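Enquirer: Each chain, written out:
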Amino acid sequence: MLEMPRVDLEKCTGCGTCAAACHCGAIVIVEGKATIIETLKCGWCSVCEAVCPEGALYCEFEIVIEG
Amino acid sequence: MAASIEFLQASPYFAGMTEPEIEVISGLFFQKTIEKGEKITWQGDPGEALYFVASGAVKCFKTSPEGKEQILQIVLPGNSFNDVAVFDGGLSPTSTEAMSLVNLYVISRSDMGGILTDHPKIMINVIDILSSKIRHLLELVEDLSFRQVIGRIARILLEYADGAGPKPKLTQHEMAALAGTAREVVGRSLKTLQGDGMIRMERNRLVIADKEALSQMVNAHS
Ligand code: SF4
Ligand code: SF4
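Residue numbers (my numbering), protein chains in the order written: chain A, 449 to 515; chain B, 17 to 238.
Bear in mind the hints are in silico, worked out from the structure with no lab data behind them.
One or more of the hints may lead you astray.
[As the list claims (entries may be wrong)] Short derived list, chain B residues pointing at chain A, Cβ under 7 Å:
hint	residue
1	122
2	125
3	177
4	185
All of these numbers come straight from a predicted model, not from anything done at the bench.
Ideal Cβ placement from N, Cα and C applies to all residues, glycine included.
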């Protein structure tokens, strides 16, 4: 399963800001909540996290040392 | 020895003065030669003279209580230093040192004051010169605080990557909160670190590519 940004459905108000800001169409609003569609087009730009007024989106990074 | 007429004519300080006027004031300057590595002025000294670099390079720097040196400006031929203390009558805010063999033209504070009184038209030149120095310093302040933030972010990345056990994941939002900065600054910092080859962003994996360089970054700015 491809990892995708995570939505906190309790915080999400379905405002659609993230869906409008995402350049690859990875977010749609379904039944008043942001829904993330699995797609490799999502390059983890974190724009959705940046624009969400509720802080409901999380683009988490795994931090590793090479080697 | 007086300053050369050509040098003063080319200096932004005296732009707009006629040749006969410049000839008169050139007698107020004296020349000084400084060996590489020699100090010229000291931070905290009264600003008794204004210096113009005729050849060579001079660094203006401050030294922190821990002895760390911060260069604020490198003064190249045609430009001046010690302006602030000369004009506000306060103490020199920086020390200066010759970075090469340096030839200077020096004028005393009172003689410089006399020139300004006699030729008020050059006041506008002084405003221009001081303004561009302020602009340069503001850019430096911005750069320094940005580098400090980058240093804090570098430390956070190393701490999280180094810890034993399952690795907690971090959003840029959380990195910002940990570093005490805004989210956008984190984005910019990560881009800068990636541009410098210290980290690599592989989608949702943030790979520390050069741990050594990243650690140095932390030490240099903490
Ligand atoms: S911007 Fe935030 S609150 Fe609005 S729909 Fe997207 S996740 Fe929900
Ligand atoms: S990280 Fe970027 S590409 Fe991925 S869902 Fe968010 S806005 Fe879209």
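Enquirer: Now, for every hint given, state plainly whether the structure supports it.
Expert: Going down the list of hints, with the structure as the test:
Because the smallest distance between the Cβ of residue 122 of chain B and any Cβ of chain A comes to about 54 Å, over 7 Å, the interface hint for this residue is violated. A distance limit of 7 Å between C-beta atoms decides the matter here; for residue 125 of chain B the minimum to chain A is near 52 Å, and the interface restraint is violated. Against a cut-off of 7 Å between C-beta atoms, the interface hint on residue 177 of chain B holds, since the closest Cβ of chain A lies about 5 Å away. The beta carbon of residue 185 of chain B is positioned within 7 Å of a beta carbon in chain A (closest approach about 4 Å), and the interface hint is therefore held.
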